[in-house]
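Enquirer: Start counting the sequence shown at 860; every next residue gets the next number (our numbering).
Heads up, some of the hints might be wrong.
Under the rule of at most 30 Å between Cα atoms (straight-line distance), these lysine-lysine pairs were calculated in the BS3-like manner [stated by the list, open to error]: (1) K1083 x K983; (2) K1044 x K1083; (3) K1044 x K976.
None of these hints come from the bench; they were simulated from the model.
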Amino acid sequence: WWELNGTMRSLPTSRIAAALVVAALLITAWIFFERRQEGDHKANSPSDSTDSLPSPPKSPSGGNSANSGKALTFTPPSIESAADTTVPPDDREIGVRLHEWLTSSPDIDAVSFTIAKAFRTVRKEDQAEVARELIPLVRDEHFDTRLRPLLLDSTLSPDALAQFFRTMTLRTDEIELPLLIEIAKQGDTHPCYDDAIVRLSIRFGGDLNSPWETWQPLVEAELKRKRELLGN
């Protein structure tokens, strides 16, 4: 220090000033360089702005995934008769087809529509099994468009028809009584003919050998009486 101090004292004032200027310039250049490096680093780092975030993924329904947990409603198609719709034959194992139908929708009305629509494409030996799965899914208000056309189709499996007939007897008179007449009209070509005649005879009297015309006016009168009681 003493040597440096002595050296500085021996130097001319102008040279000392020049040395200080050079030192100041070097320090300024070093600070500028450091700040520039820091700026480049920030420019290359990911931005924290929300503008740089990807938008939420879309759900299959077209909304954001945040809304995908909301319950979806299904409106079953409105048709005159689900069972009358033509469906191409399908030879897959019935267990596979049943699983596909039963898991096709969370809406039981949609499932019953699907099964009733495809029922005639089921192998005859499998129809009774499918009928057991279908029957509990059909509400009274859908009986006419789901099960009625199948029950009146005498070409289906007798076991399946017996199941449809049995569930018909557990429904309302508005469902059962007209169907008993329709089955009776078919005569013994329908596997459930004898059962229909027996039920008509028990309900309204008459001989088992009586023609269906015997019971038709009695059925109509009973249904009219019920409507009047309900104010319809």
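Enquirer: Are the hints correct? Go through all of them and say.
Expert: Tested hints:
| no. | hint | in the structure |
| --- | --- | --- |
| 1 | K1083 x K983 | violated, 38 Å |
| 2 | K1044 x K1083 | holds, 21 Å |
| 3 | K1044 x K976 | holds, 25 Å |
Violated hint: 1 only; the structure is consistent with all others.
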